[in-house]
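Asks: On the provided structure of chain A, position chain B as indicated by the hints.
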Amino acid sequence: MNGIPENLRYSENHEWVREEDDGTVVIGVTDHAQQALGELVFVELPESGQDIPEGDAFAVVESVKAASDVYAPLGGKVLAVNEALADAPELINSSPYEDGWLVRLQPAAPTQAEQLMDSGAYQQMLAESGA
Amino acid sequence: MKEPLIFEYSLPGRRGPTHAPDTMDAMDGLPADALRDELSGLPEVSELQTVRHFTRLSQQNFSIDTHFYPLGSCTMKYNPRVCNRVAMMPSFINRHPLGPEEHGQGFLHCMFELQDMLKAVTGMTEISLTPMAGAQGEFAGVAMIRAYHLARGDTERRQIIVPDAAHGTNPATATMCGCEVVEIPTMADGDVDIEALRGVLGPQTAGIMLTNPSTLGVFERKIETIAALVHEAGGLLYYDGANLNAILGRALPGDMGFDVIHINLHKTFSTPHGGGGPGSGVVGVNERLQPYLPVPIVGRREIKHGNDQYIWLTGKERPQSIGRLSAFMGNAGILLRAWVYMRLLGARGMLRVSEYATLNANYLMARLVQAGFQAAYPERRASHEFIISLKDIARETSVNTMDFAKALLDRGFHAPTTYFPMLVPECLLIEPTETETMQELDAFVDAMVEIRDLALRDPEEVKKAPLSTPVRRLDDVRAARQLDLAWPGR
Numbered sequence: 001m002n003g004i005p006e007n008l009r010y011s012e013n014h015e016w017v018r019e020e021d022d023g024t025v026v027i028g029v030t031d032h033a034q035q036a037l038g039e040l041v042f043v044e045l046p047e048s049g050q051d052i053p054e055g056d057a058f059a060v061v062e063s064v065k066a067a068s069d070v071y072a073p074l075g076g077k078v079l080a081v082n083e084a085l086a087d088a089p090e091l092i093n094s095s096p097y098e099d100g101w102l103v104r105l106q107p108a109a110p111t112q113a114e115q116l117m118d119s120g121a122y123q124q125m126l127a128e129s130g131a
Numbered sequence: 132m133k134e135p136l137i138f139e140y141s142l143p144g145r146r147g148p149t150h151a152p153d154t155m156d157a158m159d160g161l162p163a164d165a166l167r168d169e170l171s172g173l174p175e176v177s178e179l180q181t182v183r184h185f186t187r188l189s190q191q192n193f194s195i196d197t198h199f200y201p202l203g204s205c206t207m208k209y210n211p212r213v214c215n216r217v218a219m220m221p222s223f224i225n226r227h228p229l230g231p232e233e234h235g236q237g238f239l240h241c242m243f244e245l246q247d248m249l250k251a252v253t254g255m256t257e258i259s260l261t262p263m264a265g266a267q268g269e270f271a272g273v274a275m276i277r278a279y280h281l282a283r284g285d286t287e288r289r290q291i292i293v294p295d296a297a298h299g300t301n302p303a304t305a306t307m308c309g310c311e312v313v314e315i316p317t318m319a320d321g322d323v324d325i326e327a328l329r330g331v332l333g334p335q336t337a338g339i340m341l342t343n344p345s346t347l348g349v350f351e352r353k354i355e356t357i358a359a360l361v362h363e364a365g366g367l368l369y370y371d372g373a374n375l376n377a378i379l380g381r382a383l384p385g386d387m388g389f390d391v392i393h394i395n396l397h398k399t400f401s402t403p404h405g406g407g408g409p410g411s412g413v414v415g416v417n418e419r420l421q422p423y424l425p426v427p428i429v430g431r432r433e434i435k436h437g438n439d440q441y442i443w444l445t446g447k448e449r450p451q452s453i454g455r456l457s458a459f460m461g462n463a464g465i466l467l468r469a470w471v472y473m474r475l476l477g478a479r480g481m482l483r484v485s486e487y488a489t490l491n492a493n494y495l496m497a498r499l500v501q502a503g504f505q506a507a508y509p510e511r512r513a514s515h516e517f518i519i520s521l522k523d524i525a526r527e528t529s530v531n532t533m534d535f536a537k538a539l540l541d542r543g544f545h546a547p548t549t550y551f552p553m554l555v556p557e558c559l560l561i562e563p564t565e566t567e568t569m570q571e572l573d574a575f576v577d578a579m580v581e582i583r584d585l586a587l588r589d590p591e592e593v594k595k596a597p598l599s600t601p602v603r604r605l606d607d608v609r610a611a612r613q614l615d616l617a618w619p620g621r
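Quick note, the sequences are listed as chains A and B, same order.
Sequential numbering from 1 applies to the first sequence in our numbering.
Sequential numbering from 132 applies to the second sequence in our numbering.
The hints are all genuine.
Just a few of them, taken from the derived set where beta-carbon distance is under 7 Å, the chain A residues facing chain B:
no., residue
1, 64
2, 65
3, 66
Derived pair list, reagent style DSSO-like, types lysine-lysine, alpha-carbon separation capped at 30 Å:
no., chain 1, residue 1, chain 2, residue 2
4, A, 65, B, 522
5, B, 435, B, 250
6, B, 594, B, 133
7, B, 447, B, 250
8, B, 133, A, 65
9, A, 65, B, 594
10, B, 595, B, 133
11, B, 353, B, 250
12, B, 522, B, 595
13, B, 435, B, 447
14, B, 594, B, 522
15, B, 595, A, 65
Calculated directly from the structure, the hints in this document are not laboratory data.
In this text the structure is predicted, and so the values were computed from the model without any measurement.
Think of the CB as a built atom: it goes at the ideal place given N, C-alpha and C, for glycine as much as any other residue.
Extracted from the complex, chain A is given alone in its bound form:
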């Protein structure tokens, strides 16, 4: 697999986090995750304004193989969700790091993302798990 973006942070559960200039973060699932899930048919997202504790399941992605929870790599308040996924869950398959984003959060604490893996560490984790 190629193209793990270097500007993102990664969780062990295959979520990515993008830190924006305005202090908000955008969260999605990685290319590896979408490949493992297969073609997505349904995405359930949280409500705007909802508070999500770190580590909680905040979304469900469903493929023809299985339904999987998506866990919050960091906690915060939901500012926006990707409404386009309701009609086009396949955006996660075709563009996991851009058009297939899940939610935008106002992080509960500013430096949380730094505790996550960088692209090199994530790549190494994937290599070690034989993916």
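Replies: Only chain B this time, still in chain A's reference frame:
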């Protein structure tokens, strides 16, 4: 040949008359708002069209009666015909469920014996036969755990612990019973992570739901430690009976420390399975949970100098029961089939079930490993089922597990369970059961080898499969994205 929908045979005004004498009076005097304005939208077809349609559909089925069906985690074994024959004797099927107890003593006697035999093979104290399916059995089990804690004033115990290898029904059941689900991981050797278990136990723990052997096809070796830890924390242990076939009569869930168990009669005790039932999710409990068992239960009243009398025990005798789960007492016809099966096999036969189920699984795993396939837990002995991972082949050839599954159909085998458990990438969960011959198992290995050889030589050819089935590969993604489930009518 593609079989049309039955609606496509429909012509306005065509009728299939009933051939039985009409003994009912016409229903007059119904209020106007209870009468239909228009026909119900049922297909208008003749009897012969109906017979042909459903016969053709049945001939297109892949079923245990026609093909090897090694569906892991979901024991698909042969149902002996004699079970049907005995259960369909007129004296059984003409019994009215509301008839008085003294008119149904034969049936009640059978059910009492079935309860006793199930107690013997599970090590539980008492059995209730009423749950209508596995899901309802699970619901009854967790409802009893909740009732137990609440009766003790222990109202904060709302967490049910579920290992990540569990059936999806376990967390669903816990949620339906108003509990919160806590997932714990599995170790690389297939056993539950004890440290993770310790970390989640506490005064909020209602219980743990375990399948043993697990869906990874291995026996949980630390079950005694798990039972001690959970009980120490004040929680109870729930046994999911999905894989009981592997240990039938050899290791008793009651001895392992389980407080409640559900048994899928349609898996282990050879009653019809699949196609939506009817199922049976019998529950068993130890003394702790006995007062909460769902009713009715068959009891025996001893009478001096005469025959014992079998009676229904209901809410009157069991005031703490979680209640009734259906109008009567479960799927009577299915329970009878299980009773026949157990009576035919006897106690020794029960042992041979688990013996051959595990022997067949281990033989098949050994042959596949010998042929170069990769077992997910090569150092562990298989229980009644095992996992192979096609990860390497998929990477090398782009032929994945789903392609193997479809190619198996062309070779006369129903696919094993695919992509479950999700812990193992590109996996097949294979359960041959005790009812297959060695020749059949060998033929399955040959088919797997043939598909792999073809994948190495010509991967695109494998991806075309299935070629010989009534319909080719279905677009399951489109089917899930654009739901179209109702006949629109004409």
